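Note that the protein sequences, when read in sequence, are chains A and B. First residue of the first sequence: 364, per the numbering used here; consecutive thereafter. First residue of the second sequence: 29, per the numbering used here; consecutive thereafter.
Any given hint could turn out to be false.
As the list claims (entries may be wrong) - Now the stretches of chain A that chain B is said to cover, found in silico as 3 or more residues with beta-carbon under 8 Å:
id	region
1	386-393
2	550-557
To be verified - Away from chain A, derived, C-beta distances all over 10 Å, residues of chain B:
id	residue
3	Val110
4	Ile153
5	Phe299
6	Gln395
7	Val442
Claimed, not checked - Residues from chain B shown here face chain A by an in silico Cβ test under 10 Å; the list is partial:
id	residue
8	Leu34
9	Trp390
10	Leu394
11	Met396
12	Phe399
13	Phe470
14	Pro472
15	Met476
16	Val477
17	Tyr480
18	Cys482
19	Gly490
Keep in mind the hints are simulated off the structure, nothing from the lab. Nothing here was measured: the structure is a model prediction, and the numbers come from that model. Beta carbons: idealized from backbone N, C-alpha and C, even for Gly.
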Amino acid sequence: MRKNLFISNSKAVPLALLGCLLLLLVTEGVARQYADRIRSFSDLIILYKKNLVEDEQLPYFNGVLLGDSRILGVDARLISDKLTQSVGRNVSFYNFSLPEHDVRGYYLFLKKYLKRHRPPAVILFSVSSDNWSGENNLPKSGVFMSGGLHRTCLLFSMAELAEVYPWTFWGMVFTAKIEGTSFLISHRRMIRNALENPVRLWAPYPPMANVTLGRNGGVHFGVGHPPSEEQIRQANAGTGVDAQSIFWFEKFLWLAREHGIRVVFFSAPWPQGMVLNSPVEGADFLKGILPGIQGRYENMFILEPVFVTYPREFFRDGEHLNGPGFDQFSEGLAQRLIGQFNFWPDIFGRVLD
Amino acid sequence: MLFNSLQFFIFFVIVYSLYLILNHKWQNRLLLVASYIFYGAWDWRFLTLLWFSTLMDFFLARRIEGAFSQTTKRRWLICSVVLNLGILGIFKYFNFFVDSLQCLLSYFHIHLSPATLHIVLPVGISFYTFQSLSYTIDVYYGKIKATRYLSDFALYVAFFPQLVAGPIERATHLLPQVSSPRRVTLEGFYQGCFLAFWGFFEKVFVADNLAKIVDPVFTNSSAANGLEVLTALYAFAFQIFCDFDGYSNIARGVAQCMGFEIMVNFRWPYFAVSPREFWQRWHISLSTWLKDYLYIPLGGNRGGELKTYRNLFITMFLGGLWHGASWTFVLWGVYHGSLLILHRLFSPLVRNISRNICFPSWSRNLQMVLFFHLVCFGWLLFRSTSIGQIGQMVHALFGQWSGVGFQEGLKAAVSLVPFLWILLLIQIVQYVRNDPLVMLKFRPLTRMVFYYVCLMALIVWGETGAKEFIYFQF
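Put together the whole structure using the sequences plus the hints.
Below is the structure:
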C-alpha cells in the first residue's frame with residue numbers, strides 16, 4: 364500500500380544536527396549557571412515569591428498584599444507597624460504582589476497559598492484597570508513567544524493554568540509551558556541584553572532576599588526620572604476589562620470567603636494629568652462594577668477613592684511609582700485602611716489594658 | 029496562517045504525518061483540503077473567489093482545447109484573460125483607478141464622488157490569478173494538454189506552499205507533479221527541512237530585525253537626514269530580499285519534503301551587474317512570467333530597437349503595477365524599465381570599451397556595487413507610501429548631510445552588520461559555488477557550527493510574534 368520510501372531509502376544520519384543539539388544543550392547549561400544575572404527583575408521577584416509561598420516554614424501573616432507591578436513597592440512593614448499601633452497587638456503584613464499577572468494569576472496564587480499556609484485575616488488586593496484583561500497577559504502568536512504568559516507559567520503547573528484559561532488558549536499555554544523548560548528560549552530577551560552588555564554578567568548583584576525582605580516583600584525603588592508625555596500616553600493605552608477577569612475575581616472572592624478572609628480592594632495612583640484616558644475609563648468601569656460584586660460578596664470592601672492621582676515626580680515611568688512615591692502611598696494607604704474600616708480589632712483582636 | 033507561526037508548524041506536522049501514510053490519490057485530496065484550510069484561515073469568504081478562478085480556468089481550458097477553429101480558441105482565451113484580469117482589476121485596482129481619475133479630474137475643477145469598493149484585498153490574488161491564467165495560455169499555445177481532472181487542477185492553483193506569495197508556478201512544471209505519484213525520500217526531506225530552516229532564518233532573524241531599522245525612517249521621513257535614509261535603504265534592500273526569499277525558501281522546502289519540486293525564485297540578485305541580469309535573478313517566477321506572457325507576445329525584441337524599448341517599458345510598467353495599486357509601484361516599474369532600456373542602449377558601447385581597454389579583474393565587483401546602489405534607489409520608490417514621501421526621501425538622501433560625520437556613518441554601518449553577516453557570508457559561498465544547497469555539502473563539523481550559530485541567532489535575536497511577509501500585500 365505504501366508508496367513512500369521515507370526512512371528505508373537513506374542511511375544518512377544527521378550528524379551535524381545532532382552535534383548542534385548537543386552544543387545547544389551545553390549553552391543551555393552555561394546560561395543556567397548565570398541564571399540570576401540573566402533573569403529580569405520581574406522574573407527574580409516572581410521566582411523568589413514562588414519559593415517563599417511554597418516553603419512550608421513561611422511564618423504566619425495576618426494580612427497579605429496581592430496585586431500587580433503597580434503595588435510592588437508598597438511597604439508592607441509600614442502597614443504592619445501602623446496597624447500594630449492601631450490595634451494594639453502585633454500585626455504582620457507581607458507584600459506578595461507579582462508583576463505582569465492578571466486577575467486569574469492572583470486567584471491561582473491565593474489557591475497555592477491556602478494549600479500550604481493558614482489563611483490570612485485580610486487580603487489587600489489591587490489590580491490596575493489595564494490588567495483586568497486576560498488578553499494583556501497573553502503573548503503574540505508565534506514561535507519563541509514572550510510576555511506575561513511566560514511569567515504566569517513560571518508560577519503554576521499546566522493543570523492549574525488550564526483551570527483559569529479557556530480551552531481556546533490551552534495551545535498557547537502549553538507552548539509557553541514547553542518553551543519555559545528551555546532557559547535559552549524563555550529568557551531570550553534577557554540573554555540578548557546580557558550578550559549586548561556582558562559586563563553585567565560579572566558585576567556583583569544583591570541577593571533577592573535583601574531587595575525584597577526589607578519592606579516585607581515590598582521592593583525598594585530609587586527616584587528615577589519623572590515620566591515623559593510619551594510614557595504616560597503609552598501607559599494610558601489600556602485594553603479594558605474582560606468578562607473572564609471579572610469571573611475569576613469573583614472566584615477569588617469566593618475562595619477568600621470560604622476561608623474567612625476579608626478582601627480590601629484598593630487602587631494604586633496614576634500620574635496627574637491623566638484625564639479622559641483608558642485607565643480612567645477602566646477605573647470608572649471598576650467603580651461601576653465593583654459595588655455590584657460587593658453586593659454578592661460580603662467579605663469584599665472597597666477602599667475609597669478608587670481612582671487616585673499623584674504628582675508626576677512620584678513616578679519612575681508612566682504608571683509605576685518611584686521610591687518616594689511608594690513611601691508616600693504606603694503611608695496614605697495605612698491611614699486610609701485604619702480610617703475607613705473598623706473591622707481591624709475584630710479580625711486581629713485587641714489587647715485590652 | 030503564516031509560515032513563521034506555530035499555527036503553521038502544527039498544521040504542517042499534521043498534514044505531513046497523514047501525507048506520508050496515504051497513497052497518491054488520497055495525498056492529492058489531503059493537500060487540496062489542507063490548501064483550502066490554509067487559505068481559509070485568513071478569510072474563508074475569499075475561498076469562493078479561489079474556487080471561482082479554479083472552475084473558470086479549468087472549464088475555459090477544456091473549451092480552448094476542444095475548439096475546432098483557431099478563432100474559437102482565441103475567443104475562449106480572451107474570455108479567460110478578461111475574466112482573470114477583471115477579477116484582479118476589481119479586487120486590486122478598482123479603488124486605485126477611481127481615486128486616480130478623481131484626482132485627475134479635480135485638476136480640471138471637475139469634482140466627482142464615485143463609489144469605491146470597501147473590500148479587503150484577498151491575500152495572494154495576484155499570484156494565483158497569474159498562475160491560473162498561465163495555464164489557459166499554455167493550453168492555447170499547445171504547451172500543455174488541458175487536464176481532465178478538476179481536483180488536479182484545483183491543487184495546482186491552490187497548492188498551499190506557494191499559494192499566497194509564489195513562486196508563480198507554470199502548469200507545465202507543477203501539474204505533472206500533481207498528476208503523477210511523487211517520491212518522498214529522506215534526502216529530499218533533509219533538503220526540504222534545510223531550505224525551510226534557512227527561509228525561516230532569513231525572515232525571522234534578518235528581515236524582521238532590519239524592519240526595525242527601516243520602519244522608523246519611512247514612518248517619519250520628514251525628519252530623516254541623508255545618512256538615515258541611506259542606512260534605511262541598505263537595510264530595506266536586504267529586508268525585502270530576505271522576506272521574499274525567505275518565503276520562497278520555506279515554500280520550496282515544505283514542498284520538497286512532500287516530494288514536489290518548486291522553481292527557484294531568487295538566485296543571488298545583488299550579485300547582478302546589470303538590470304538584465306538582476307531580473308534574471310530577482311523574483312524569477314514573475315520576471316519569466318512577464319517575459320513569456322507579456323514581453324514576447326508584445327513582440328519582444330523582434331521588431332527593431334524602438335519597439336523593443338517600448339515592449340520593455342510596457343512590461344516593466346505593468347510589472348510595477350502588478351506589485352500594488354499605487355503610483356509608487358508604477359514609478360518603481362518605470363524606473364526599472366528605464367534602467368533596462370538604458371542598459372540596452374549603452375551595453376554595446378560598454379562592450380566595445382571593455383574589448384579595447386583591459387579592465388582589471390575586480391571591475392565586475394565594482395559594477396556589482398554600482399548596480400546594487402541603483403537597485404537600492406529603486407527600493408526607495410518601492411518602499412515609499414506616496415510620491416510626496418519619495419520627494420522628501422530623495423531630498424534628504426542627496427541634500428541633508430550636514431552634521432553627519434565618520435562616527436555617525438560607522439554607527440549606522442555597525443547597526444546593520446549583526447543582522448547581515450551570516451547572510452552575506454552564505455550568499456557569497458552560494459554564489460561562488462553556484463549552489464543554493466552548498467551548506468549541505470559542508471563537512472559535518474562546519475555544518476554543526478553553522479546550524480548552531482543560526483539557531484542561537486534565531487533564539488536570542490529572532491523577532492517574536494509572526495510578522496506578515498511583505499509580498500502578501502501583492
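Structure-based check of all given hints:
no.	hint	in the structure
1	386-393	holds (count 3)
2	550-557	holds (count 3)
3	Val110	holds (40 Å)
4	Ile153	holds (24 Å)
5	Phe299	holds (27 Å)
6	Gln395	holds (37 Å)
7	Val442	holds (12 Å)
8	Leu34	holds (5 Å)
9	Trp390	violated (35 Å)
10	Leu394	violated (35 Å)
11	Met396	violated (32 Å)
12	Phe399	violated (35 Å)
13	Phe470	holds (8 Å)
14	Pro472	holds (5 Å)
15	Met476	holds (4 Å)
16	Val477	holds (8 Å)
17	Tyr480	holds (5 Å)
18	Cys482	holds (9 Å)
19	Gly490	holds (6 Å)
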